[in-house]
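*Asks:* Input sequences plus hints: build the corresponding full structure.
Note that the protein sequences, when read in sequence, are chains A and E.
Our numbering numbers the first residue of the first sequence as 21 and each following residue consecutively.
Our numbering numbers the first residue of the second sequence as 2 and each following residue consecutively.
Calculated from the structure, these hints are not laboratory results.
Values in this document were obtained by computation on a predicted structure and should not be read as measured data.
For every residue, glycine included, the Cβ atom is placed at its ideal position computed from N, Cα and C.
Be careful, since some hints might not be right.
Rough simulated footprint, nothing fancy, chain A against chain E, three-plus residues with beta-carbon under 8 Å [what the hints assert, rightly or not]:
1. 621 to 635
2. 645 to 655
Residues of chain A clear of chain E, computed beta-carbon distances all greater than 12 Å [stated by the list, open to error]:
3. Tyr58
4. Asp87
5. Asn89
6. Thr98
7. Asp141
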Amino acid sequence: MKNSHERNDEHQKKRDNAELKNSFSFSRDSLGRLVLYYEGREYSDVKSIRIFPISDPEHWVSICDADGNEVICIEDLTQLPDQVHHLLLEELGVREFLPIIKKIVAISSRFEPSEWQIETDRGETCFVLNDEDDIHRLSTYRILIIDAHRIRYLIPDMRRLDSASRRVLAHYI
Amino acid sequence: MFENREFPVEFHAQINGLLSEGEIPLAWFAPDLDSRLHYAYGLVVLTNRALIGIQPHPQAKHHAFSRSFISKFLRRTKKGDAPDSKRTFKTWPLTSIVSLRVTEHKGIGTLHLLDTSHLLTQWKFTTSQKVHAHRLIERFLELKESDKQKADPTSSLTETTPGVPRDGEHAVLLDYAPAAAPPPARSLFRLFKFARPWTGMIILGFLLSVGSIAAGLVPPYITMPLLDKVLIPYQSGKTADFHRGGWYLFGLAGASLLAWILGWARTYVLAWVSERVSANLRTITYTHLHRLSLEFFGEKRTGDLISRVSTDSDRICYFLSVTLLEFGSDVLMIIMTAAILLSINPFLAIVTLCPFPLIMWLTHRVRTVLRRGFSLGSRAWADMTSVLADTIPGMRVVKAFAQEQREIDRFQECNARVLQAIDRINTIWSFFGPMVTLLTDAGLLVVWIFGAWQVFHHHITVGVLTAFLAYISRFYARLEAMIKMVSAIQRTAASAHRVFEILDRVPSVPEVVNPIIPGRFRGEIEFSQVGFRYGSRKVIDNVNLKIQPGEMIGLVGPTGAGKSTLINLVCRFYDVSEGALMVDGTDIRRFSIEGYRHNIGIVLQESFLFYGTIAENIAYGKPDATRSEIIRAARAACAHEFILRLPDGYDTLAGERGQFLSGGERQRIGIARALLIDPAILILDEATSSVDVETEKEIQRALENLVQGRTTIAIAHRLSTLRRADRLVVIERGQIIEVGRHAELLEKRGSYARLHRVNLEMAQSMAT
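*Replies:* This is how it looks when you write it as structure tokens:
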């Protein structure tokens with residue numbers, strides 16, 4: 021643990037140098053896992069994690085080693101070279117599952133538990149809502165729904181839904 | 002000369018007679034028990050030269066069989082009868098008194114007066130006199146002190162006059178004085194103050210009311226000529242003027258339509274206004290709550306406060322939007338109807354209105370009973386909410402001790418009290434409602450009898466009688482409705498009273514008129530003869546300590562020694578009662594509270610997480626912090642990596658109490674929160690005592706980042722936590738016992754050495 025702490029401080033200093041952008045690269049190993057080359061070291065099986073997956077998914081990404089210790093912290097994903105950017109997006113797309121609701125097709129009942137039929141950016145699906153408290157208002161128009169299996173669904177902007185979907189949500193919010 | 006209380010009048014002459022030239026009374030208190038602990042009435046006065054006292058004496062000794070008789074008797078004596086001439090005052094010169102002290106046992110206090118070897122006398126009193134007894138002793142000690150300091154006591158004492166209360170004391174007195182409670186009925190009128198911003202709309206609503214009522218009163222008036230000029234002539238065989246009849250019918254329809262439209266507009270406008278008034282009231286109440294010191298929240302129950310802000314203000318809203326509206330229009334309607342009745346036929350009108358005074362009298366009687374009933378009901382309801390607010394957060398404890406049934410019983414008991422209170426109201430109400438109906442029916446009957454008699458004698462026409470009946474039935478219907486609103490009004494008055502009780506509370510940490518808005522402090526803290534009294538109990542006594550900028554101070558001492566109170570004083574949750582607390586050389590009372598607290602970071606034993614994301618919780622003290630600032634703070638608090646492992650990283654919702662986070666994780670978020678505001682003064686109140694040793698090590702690391710470059714005051718029971726402290730301050734019974742470095746204190750072999758030994762033994766016994 022102590023070791024990780026020292027490393028942590030070290031990284032903070034490194035990060036401040038702001039030359040992070042081009043100082044690292046990725047590859048995939050034979051098992052399809054991501055490998056990070058950074059400062060002459062090789063970290064296999066690194067995980068990319070969005071730091072603010074809901075409020076700011078486009079910028080902040082942390083790369084952690086297999087033990088969960090942060091190796092590098094990327095402040096702005098979009099500033100990376102295209103190839104790295106794509107690789108990370110691909111990786112994040114597989115690792116992170118946060119369907120974005122495009123349309124609420126139908127709900128089975130106004131009273132919980134109710135079954136919701138929705139269209140998301142990942143296709144159509146159904147989920148069960150256990151409790152109206154599972155619909156969280158993140159900001160005025162940003163809504164997060166957590167289903168009975170604790171899977172999360174995001175509505176980035178309520179105003180952009182069609183009127184039928186909005187009417188359903190209006191019942192809860 | 003004497004604080005805020007009145008000196009008992011009956012003793013004035015006697016005391017004045019006893020005072021010598023230049024002798025000033027400084028403090029007094031009235032022992033209210035005699036030596037056998039029976040209620041009695043005595044007096045102790047401290048002057049700058051002597052202590053004068055009279056033993057409490059039950060005046061009605063020969064009536065001792067009845068206690069109530071005695072208290073009645075005493076009450077009479079207190080009001081001004083001359084006290085028994087046999088009771089004489091004794092005087093003890095200050096030089097003869099060596100010590101004066103108070104002991105307390107089960108609510109009974111005793112004031113002992115001692116010379117070097119003897120008990121001179123003692124007085125007994127109930128706790129109601131406690132504060133005054135303590136104050137008398139403090140004055141006495143001050144006198145002794147200044148006697149010692151100055152060779153010539155007579156000249157110096159008059160200058161210093163310790164009897165004059167100082168600034169801090171007023172605040173304490175105010176806190177314990179019962180709040181001046183205006184009667185409930187007046188509370189309702191105070192609501193108008195909150196309506197002021199919408200005066201225009203209220204006037205509009207009122208005008209609409211008058212209009213719609215007037216329009217509603219037109220139809221019966223038209224029925225009069227319709228009957229007399231059209232229908233009755235037609236029935237008696239004459240030709241009827243159908244054209245005229247048509248106009249009357251048209252008039253009827255028009256009046257109804259107009260009444261409908263105006264009524265609609267009126268309801269809308271007034272409902273709109275009342276929602277705003279009550280929302281305003283809610284905000285003001287909540288804002289005021291935030292301004293009150295922590296002391297207030299210590300003595301009030303959460304459930305009760307919540308119910309005041311939500312339920313009570315909601316009741317007020319309902320009253321303003323529905324009841325007041327109807328009530329107002331009913332009053333108007335009644336006045337207008339009475340006027341019309343009088344204009345048609347004054348004689349008949351007066352006869353019809355006969356039961357009216359009777360109803361009003363009855364209403365008045367019932368009102369007082371109901372008011373009491375409703376405030377009782379409200380209190381019972383708040384008690385019930387309090388049980389919920391107590392139990393639900395403490396559910397783990399309840400379950401762990403298998404006390405579910407007991408909690409259910411406790412709830413049921415409160416629920417039964419609610420039921421009881423409401424039953425009482427209902428008993429009165431169920432009798433009163435039908436009673437009013439009976440009286441109004443009687444009124445109608447009178448009109449029928451009297452009207453029929455008048456028609457037979459051709460004093461009035463059938464049309465007039467019909468109109469009269471129509472008006473009078475409206476009149477009584479409205480009256481009845483209005484009287485039924487009495488209950489709603491009384492309920493609201495009780496609610497308004499409860500809300501105003503909060504609003505009338507004066508914050509005990511007041512802000513000065515022209516506060517200094519501080520920038521960033523250097524972090525020098527100085528306690529100069531600081532004392533703090535909680536009620537009559539002195540929690541902090543004459544603390545002197547100077548803390549250098551950037552120094553880390555560890556506060557050590559047994560529980561209840563006053564460590565947390567010292568910290569509360571530094572945070573300005575309370576104000577000092579005596580002395581001064583200075584930061585960077587300025588008394589902290591001169592700073593603006595908000596600006597001052599921006600300089601203070603605090604990590605408590607349990608970090609409270611609000612509903613919101615982790616990022617929002619870290620940025621609680623600085624909502625405009627950038628994302629990189631948040632991450633930096635979290636990193637320094639060793640929280641970054643565990644946050645990354647949460648399902649949504651920094652966007653994870655922490656939940657109301659952050660249940661899914663462990664104690665150590667919550668604590669590290671608390672540390673990040675304190676780090677982010679970059680405070681000049683940092684306070685750690687048992688920051689690591691709720692976690693295991695392993696986690697403590699991690700937190701310790703986070704704390705080391707936090708402490709750098711700040712003045713830190715830390716409390717800890719585990720002495721190992723304080724190993725980095727520059728100085729340790731040992732506190733016992735509100736006083737500083739020892740100050741020094743760890744090694745120095747160990748060498749002293751005093752309190753700290755003892756504490757250290759116990760700590761070591763604990764650690765060893767745990768290891769084996």
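*Asks:* Against each hint, give a clear statement of whether it holds in the structure.
*Replies:* Taking the hints in turn, this is what the structure says about them:
{"no.": "1", "hint": "621 to 635", "result": "holds (count 4)"}
{"no.": "2", "hint": "645 to 655", "result": "holds (count 8)"}
{"no.": "3", "hint": "Tyr58", "result": "17 Å, holds"}
{"no.": "4", "hint": "Asp87", "result": "9 Å, violated"}
{"no.": "5", "hint": "Asn89", "result": "6 Å, violated"}
{"no.": "6", "hint": "Thr98", "result": "15 Å, holds"}
{"no.": "7", "hint": "Asp141", "result": "17 Å, holds"}
Violated hints for the displayed structure, listed by number in ascending order: 4 and 5.
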